[in-house]
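2 protein chains.
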Amino acid sequence: MYKNTLRKAAHTWKRIIKLRLSEQEASMLRFYVDELAFTDLHWGMFIPAIKGQGMEQRQQKWLPLAYKMQLIRCYAQTELGHGSNVQGLETTATFDPKSDEFIMNSPTLTSSKWWPGGLGKASTHGVVYARRLVDGKDHGVNGFIVQLQSFDDHSPLPGITVADIGMKFGNGAYNTMDNGVLRFDHVRIPRDQMLMRVSQVTREGKYVQSDVPRQLFYGTMVYVRQTIVANASCASSRAVCIATRYSAVRRQFGSQDDGPETQVIDYKTQQNKLFPLVVTAYAYRFVGEWLKWLYTDVTQRLQANDFSTLPEAHACTAGLKSLTTSTTADAIEECRKLCSGHGYLCSSGLPELFVVYVPACTYEGDNVVLLLQVARFLMKTVSQLGSGKQLVGTTACMGRVEHLLQCCSDVQQAEDWLKPTAILEAFEARAARMSVAYARNISKMPSQEEGFAELFSDVVETAVAHCQLIVVSKFIEKLKQGIPGKGVKEQLQILCNIYALFLLHKHQGEFLATGAITLKQASLASDQLRVLYAQACPNAIALVDAFNYTDHYLGSVLGRYDGNVYPNLYPKAWEEPLNDTVVPDGYHEYIRPMLKQQLRTVRL
Amino acid sequence: MYKNTLRKAAHTWKRIIKLRLSEQEASMLRFYVDELAFTDLHWGMFIPAIKGQGMEQRQQKWLPLAYKMQLIRCYAQTELGHGSNVQGLETTATFDPKSDEFIMNSPTLTSSKWWPGGLGKASTHGVVYARRLVDGKDHGVNGFIVQLQSFDDHSPLPGITVADIGMKFGNGAYNTMDNGVLRFDHVRIPRDQMLMRVSQVTREGKYVQSDVPRQLFYGTMVYVRQTIVANASCASSRAVCIATRYSAVRRQFGSQDDGPETQVIDYKTQQNKLFPLVVTAYAYRFVGEWLKWLYTDVTQRLQANDFSTLPEAHACTAGLKSLTTSTTADAIEECRKLCSGHGYLCSSGLPELFVVYVPACTYEGDNVVLLLQVARFLMKTVSQLGSGKQLVGTTACMGRVEHLLQCCSDVQQAEDWLKPTAILEAFEARAARMSVAYARNISKMPSQEEGFAELFSDVVETAVAHCQLIVVSKFIEKLKQGIPGKGVKEQLQILCNIYALFLLHKHQGEFLATGAITLKQASLASDQLRVLYAQACPNAIALVDAFNYTDHYLGSVLGRYDGNVYPNLYPKAWEEPLNDTVVPDGYHEYIRPMLKQQLRTVRL
Ligand SMILES: Cc1cc2nc3c(=O)[nH]c(=O)nc-3n(C[C@H](O)[C@H](O)[C@H](O)COP(=O)(O)OP(=O)(O)OC[C@H]3O[C@@H](n4cnc5c(N)ncnc54)[C@H](O)[C@@H]3O)c2cc1C
Ligand SMILES: Cc1cc2nc3c(=O)[nH]c(=O)nc-3n(C[C@H](O)[C@H](O)[C@H](O)COP(=O)(O)OP(=O)(O)OC[C@H]3O[C@@H](n4cnc5c(N)ncnc54)[C@H](O)[C@@H]3O)c2cc1C
Ligand SMILES: [Ca+2]
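Chains as they are written, first to last, in the working numbering: chain S, 404 to 1007; chain G, 404 to 1007.
Worth flagging that the hints you see were computed from the coordinates, not collected in a lab.
Possibly wrong hints are sitting among the right ones.
Remember, identical chains collapse to one label, so a pair may be satisfied in a single copy or spanning two.
[What the hints assert, rightly or not] Simulated pairs of lysine-lysine, BS3-like, Cα-Cα distance not exceeding 25 angstroms: (1) K421 - K999; (2) K464 - K909; (3) K671 - K783; (4) K417 - K881; (5) K999 - K406; (6) K792 - K847; (7) K501 - K609.
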């Protein structure tokens, strides 16, 4: 399997150079190949890392090589003992002024690098994160470019142990990727292979903080997480496309007068589970587009040395990464269950889609840890209310906090819930009230840290509420723009309302508990939601066809565009290697003696 | 892999006969082998089916052979086109009075049997469900014992096509099981191989309903679903055991004065996700024990021709099957995520535990379809209120419906939520009010069927509320019994309260919307829950150690009893076949040409 992945990666790269594709076109091509490979990390993480943290000088040396694939790299941060806590990494890089080198070392078992994709077998180089020990002092963790394998024969360089970490979830998924383990035994590298944009070590062994602010790291993070949100929309739209099409093909029960049975998509229970997922795929696409804009905005500001929006941008991308990946992982599995038995077959495409997707909840920040960052940011925002500090970006609505703490929703009948203003106000009121309430509770505790630790999980709910508000408001903003295509805007309006009211129903408890809406209004929202589902139903197939996936890309017998599920599922069975022989291997050794009651005498 | 499974199954059987194990001991042994095999269906479904539906006479012929494993059987019900709707199966069994035989046939592609475990390769016989066509009339679906493979050389008998259906989710899991496809081309079997307990076809070709009531089927279902609930408790306790132990080993952040970092189990977010799952594993164990009692009770009543409790028993086991399997599947995946990165390694044991478990949401009744049955039963119960019909079993509390619709919880401070009466009343009020409200809404619709279809998904929520009430009340009942062991009862009391208050918080919206509790009371419940988590924390490890799993059985490096995670995780990597060579297979063909920029000239 791994060899086959290598073949595909080489093929892709050959195409890229042959057709002289641009960076963006190349990334499209890799998208369509749709199999994880070491090259993903090379493009997705390694290059952005050098771009963000290297110096101009460094970039001039490494980037062209990387772009031409003359070296293959991985992003080697996580260790056996440390993932989330990057500052706790144990790999050391000790500066030796005599030779002008850093000595890379793995002092403990838990300091072994563990997980980096592409590290196990393919990479020639890695960006390795290690603690800088300079003149006996610990200057914290930084990236280093380290050559790992020889250019001659691809064997590990002296002092380096490298291997694959072994079987992961699924039978395909990340098993096509050589996530690796790496240990250093006093490996020397030239000083200038430290990434020195943010701080430098001089020839004389002096540690110098550069005037480039640390926040620059955040720029890279915003970039990477923005792509993760875009991927969430992509993965969820694939899953809902499969489940929706199959739900229209599958019929079960309800035949009248020997007519055909009911399409399962016509059952309200199926709709109630499926439609919110379809709608969420759209919502995530729009919030992803907005994040792309945000990244451009942040980059431009950084270039102009304006860091004012960075903390907010950082918190909101962290939160959206967490929200979108968690819900997308669940959505894929829910889609699989909505296909019931046949969804459990690999040929449905859903099992591997799930397995390959689900680590997005873990890498680039464990989702819970990320929500805690958002929560901290929100608590800080609340504590600064009234201090005159300007509220930017997604927290701007907190400027109206007085209003939001007191307002009563003016929804009086179900249709009132179709008004964007009504929806926005309810979501803003819920989020603001939760933030203020928890900030108040925390302030009652002996210390802020203690309070935060004690109320951890409640503030996490606040962070989720804030992120949902962002997604809802960006969906609403999107609809204010001109949208081409006849009737498209009306359809999207329905989707937007479903998204909001579905969330409102799901988190009814919070809306009620904060008094953002009344019991009566909650019940009206459920009524309106039911009406909206009925409106969306006739267009369900069109909505998922609009994602425009080819059958080849979807890779699902259940999700075929032509709906020819059964005639294609049946012959698939015969591709199973067990069917190469009629009588299974092992019959004579095991089955026959059992049937013939001869087990006692047989050696097994 | 499949061959290895055959080997283990033969081994297990050899042990069983050698040691002359009883039926119960044998089932324990198969439990510890803990790998799916064709034999599971043989014991779990085939034998109960003949026991339940065969005639005495039949049983005398088939059961001893089955018990001695002189034939291997599968339970062949599901077809390509029909799973949930058993009455829609298309395989036909046409009676031919001339030869006193049934002719088994697969008239359409969708009539192909599809999914039966053990069918693909191992089974010699199957209980095949088919429509009986007798004298031109369709008498509905019934089971037939059909020989599939020859005893001589295990090749399919004439007219029979049988094969494995191919790759399923996961790399192990159900891939050790030969789920199969089966087609009949006019295969003749003797008349007496129809299972005839409930109805018969005479020599003359007369269809006769026996006086044994159809409800007998339900008895078998109660049995099978009862074992599924017991398995849910087993699977969830395995998962929480792994995640809890690893959470105590894993440290991340929070180091003070260079001391060790914080154990992640001490983070409230981790506790908030983990502890409810631990507690649920206990709750399911107790409700499982109760279901076992229920099955015995039902069986005794059946023998005495008392069918009065059967509908209620059937509904409540259906609901509990659905509730426990859905939440257990989610719990396993949640546990995996709580182990973050390392949970994604197969050596964590969690990926395969999830994959092998998750079809329990689908087989023996799709979980949504089952909830609809419960909902129908509840709506019927409500409609009969006041008619004098006796309310039995878990619906008995509906006898106090007047009270439950009006009562106000008397909880005034957080500790009041520790009182079993307060908890019970809140859960009963919520369930009863939801049932009554939806029954009323349905009755407003033009027809009951339409109303039911329209409000489908809301009544499903009602069914869940009812099932949660059952689990909570059985937990409380359990605690009324004497429980041996010093301090054990006090611990279980904490778990019971956590379970109830966790559910109450999670479904806060419903408790508030029905007015079962007030806003203030909801907030007190959350406060009390926080206190309970803190009380449970010091005993977390003891609580999962109490499940008493050996390391071998757990099969998880992260869940080791001795906590030696890292020294065992590290060497595991070297078992990966990719590590057999230092330079990966494919280097010369693909990696090297890419690095040396020679791709243009290379043929891939
Ligand atoms: C498929 C895959 C690919 C990967 N690729 C790469 C790669 O290319 N390069 C690389 O360097 N790494 C890679 N990783 C590693 C990944 O980045 C880490 O797994 C991730 O950062 C999470 O860290 P962890 O696993 O140490 O989790 P931990 O931090 O150990 O988390 C364990 C549990 O503790 C909780 N927790 C931790 N800290 C706190 C806190 N402060 N408060 C509350 N709760 C807390 C978490 O929520 C979680 O439930 C990959 C991982 C996977 C699964
Ligand atoms: C691992 C595994 C092992 C199995 N082993 C066996 C075996 O040994 N023998 C055997 O005979 N079968 C076996 N099965 C098949 C299993 O019993 C069926 O998959 C199951 O009964 C569900 O039926 P289905 O797949 O046809 O789902 P469907 O009924 O097609 O369900 C599809 C969707 O429609 C919805 N739906 C269906 N009807 C309704 C309704 N009336 N109202 C609302 N929604 C509805 C469902 O909720 C679901 O979301 C196995 C399946 C698996 C996955
Ligand atoms: Ca797998």
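Among the hints numbered above, which are violated by the structure, and what are their numbers in rising order? 2 and 4
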